[in-house]
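Asks: Below are the chains, spelled out letter by letter.
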Amino acid sequence: MENHLNAKIPEGPLSEKWSNYKKEAKLVSPNNRKKLEVIVVGTGLAGASAAASLAEMGYNVKSFCFQDSPRRAHSVAAQGGVNAAKNYKNDGDSVYRMFYDTLKGGDFRSREANTYRLAECSANLIDQATAQGVPFAREYSGYLRNRSFGGVQVSRTFYARGQTGQQLLLGSYQALMRQVNTGKVNLYARHEMLDLVLIEGKAKGIIARNLDTGKMERHGAHAVVLASGGFGKIYYLSTLAMGCNASAIWRAHRKGAFMANPSWTQIHPTCLPQSGEYQSKLTLMSESLRNDGRIWVPRDKNDTRKANDIPEEERDYYLERKYPAFGNLAPRDIASRSAKEQIDEGKGVGVLKNAVYLDFSRALKEYGKDIIEERYGNLFTMYKKITGIDAYLEPMKISPAAHFSMGGLWVDYELMTTIHGLFAIGEANFSDHGANRLGANSLLQACVDGYFVLPYTLQNFLADEIKNPKTDIHHPEFDKAEEAVKNQLEEFLATKGNKTAEEFHKLLGSELYDKCGLSRSREGLEKAIENIRELRKEFKENLIVPGDASEVNSELEKAGRVADYMEIAELMCIDALQREESCGAHFRTEYQTEEGEAKRDDARFSYSSAWEWNKNPATPILNKETLIFESVTPSVRSYK
Amino acid sequence: MMKIHLKIWRQKNSQSKGGFKEYTLDDVHQEMSFLEMLDMLNIKLVKKAERPVEFDHDCREGICGQCGVMINGIAHGPLKNTTTCQLHMRSFNDGDTIYVEPFKASAFPLVRDLKINRSSLDNIISSGGYVSVDTGQAPEANTIPIANEIAEAAFDSAACIGCGACVASCKNSSAALFTSAKITQLELLPQGQKETRKRVVAMVNQMEEEGFGHCTNTEACEVECPEDISVLNIARMNYEYNKSKILRNK
Ligand SMILES: Cc1cc2nc3c(=O)[nH]c(=O)nc-3n(C[C@H](O)[C@H](O)[C@H](O)COP(=O)(O)OP(=O)(O)OC[C@H]3O[C@@H](n4cnc5c(N)ncnc54)[C@H](O)[C@@H]3O)c2cc1C
Ligand code: FES
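Chains as they are written, first to last, in UniProt numbering: chain A, 1 to 640; chain B, 1 to 250.
Just so you know, these hints were derived from the structure itself, not from any lab. Source: prediction; values computed, not measured. Don't take each hint at face value.
Derived, one-sided and incomplete: chain A residues facing chain B with beta-carbon distance under 8 angstroms [said to hold, decoys possible]:
id: 1; residue: V76
id: 2; residue: N87
id: 3; residue: Y88
id: 4; residue: N90
id: 5; residue: Q167
id: 6; residue: S550
We put the beta carbon where it would ideally sit given N, CA and C, even for glycine.
With the hints as extra help, turn the sequences into a complete structure.
Replies: See below:
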């Protein structure tokens, strides 16, 4: 039997749904807000903006992150920009166009009402960030400057040099620290959430480990918000930070929160290629580079000449050739897959033949070095730091890398998961990007969720919590959860095998990248599931973690994260297997057109899969949220 | 392939005594990052059931500010404007001996080995490093144009990643560069100017309260700052501080 989920989308025309919701949402009087406590796990753009906004309203907030300071959440690494439908350029942008671009970019696999709300709230975010002192790029006139990003034909991307994420995050971090100063926020840095505590089916608190002391802590609240970011680090080699993890959402999943579309991972086309076995991450080069950089490979296989020695007519600018309307700005999934095709055909460049060129020679000729330096100077510097190569003199080498999780905890229109009182915001949820996220939309989503949506929807929930007393952290459910977490850590320590958590992670990551990455097939996925089970078994028997649990122990932290990855990896494969179509980032080799483009199957798969934990990783239950399009008719997503 | 000798500071916690321990790695690649070299060492240690070297890091792309150690006595090592995580082994030679120590300052208590606690920097921000605008209060962004060069100058200060290298490289363990960068950014922008007087006094006071030393203008901080934050920020902070003291006494 199939279970269908209700997303609680408000009535009314698309453009009025959010205002209708706000009109009817319940309120909590300032006097009562003091009595209510909220836990926010995560201090990225989503978590910091939510925690700050809720504290400003008068709620008592506990804010958690695993880094040593909230300012280090991985939002800090976003380079390119943040989208907003301001239409400052007078180039025909509007909320509707932005909504439509996002929906189309996501290959019509996102929820119409959420996507519209994202576009609707976008302009406000630029106002908010500017007021906080975010130094966005300016025209000489003093007005805000824009550029354009992949998958759209207007300029709606705001940016702060190549460090947009850092500057936005510092804005919300400072708003958060201001509330720490007022006493409305209690900050718990270097704390890792290791379990969610439910009392009578409602989210009432978390178990967190103090990573500096090893001490296990209990925290209770009237509601719990997960803003724990993406889990692309599951592929090991990715653009994410070393500590990014799925543990917060996965442990909530095991307590009953559904996971939606877990297999949809964005593989970013412009990253630095892997150069050796020891490599720990793949650095992203902002997609904005594709505004002026041209992507090419040698026309002939196994060309061993240096890039600059290959004449123009022997280069294949394959994106310009295949997608003339969008050219080098084709959406990410298409750009990544095309790169993979070229690499698989033997046209890859670099030592490991795993890269393509990103060439600025034409732009340098046309605009001069000064302009290019002003636009991308820090990226060129970064490229040189990492590779030792000067990209003003020869083209960059880039390759695709795991980057963003479109999947995440299933949430309804109010951003509440299937657990009562548990909310998920930012990259941790699945809501707005469908099967492929457009560049510069996720900083936006994290901020919009935290600043503008959650403060209304959480309040609507909390209005019914006023009568409930503070959560008792001595409740038996806390005992049970703490006990389970402690036992797991002890098990890791007691295994005493001879493979490190990192070694397991690398094996898992390459298996997943190979079979559940840029392209997937039934055969590959079935094999991957088998291999993952094997690996999980070996992990149980052969892990080595030195030291103990009552002190700083980074190996123990890694073990917990990898243990969760081992389970979620299987769900990703099961999810990919179930979806017998190609859409967005999900490309099943069996389902493609004659020209090799993705073949969507709206009749059978116009839904979000929402998986329910069922005792073990191998037998999850599929629930579906049928996607209903009232305002648009899903079309074939063509960028030709 | 290079052979590298390491002398790494090992210390169980802030109470215990620490000291250098020697390790040798025979198979270091030029293309490895400095932290990947430490990863390699750690895998070897863990496989022998020994405690790996604890060190701070997260993004590994020079932006989160979580990494940072003293490498041969220099914060973040020999390359200018480069964080520890962005330093690659091609900056070293076969046979080199490298000393690795934590950032040391009394306001940065040691956690273990190379890991330290920098929450004192958060406390400085918390004391006033923000614009007091609540969510939802903001006016339309283009109502206040900001000249391009002002926005760019504000950005130069805002680029600080909060790693604490300035403190570690200062003989007085002063956090003046860190604090002044935030003060300058917000003072340059019209949105932040209104609160400058109050902000500068609060932040400077907090800096002292956290146990950071005084700035005596040695300018070592600017030299070792991975983000190239200028000491002119400190001059501006001092100017604003004096100004606000004088004006307040009027
Ligand atoms: C390199 C890179 C570049 C990007 N560039 C862009 C761009 O230009 N434009 C754009 O729109 N998007 C970009 N993105 C995507 C965007 O940055 C992210 O989607 C977004 O910042 C996510 O924000 P978040 O608040 O959801 O999560 P994060 O910022 O990742 O924050 C997660 C938080 O959760 C905490 N946490 C996680 N697990 C736990 C746990 N178990 N216990 C306690 N705390 C926990 C962490 O400490 C952290 O504070 C980029 C992403 C990357 C990786
Ligand atoms: S690890 Fe983030 S700056 Fe070095």
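Asks: Now, for every hint given, state plainly whether the structure supports it.
Replies: To see whether the hints hold, each was checked on the structure:
With its C-beta approaching chain B no nearer than about 5 angstroms, V76/A sits inside the 8 angstroms limit, and its interface hint holds. The closest approach between the C-beta of N87/A and any C-beta of chain B is roughly 11 angstroms, which is over the 8 angstroms cut-off, so the hint fails. A least Cβ separation of about 7 angstroms between Y88/A and chain B falls short of the 8 angstroms threshold, and the interface hint therefore holds. Evaluation of the N90/A hint against chain B yields a violated restraint, the C-beta minimum of about 13 angstroms exceeding 8 angstroms.
For Q167/A, the interface hint holds, the least distance from its beta-carbon to any beta-carbon of chain B being 6 angstroms, beneath 8 angstroms. About 12 angstroms separates the beta-carbon of S550/A from the nearest beta-carbon of chain B, more than 8 angstroms, and the hint is not met.
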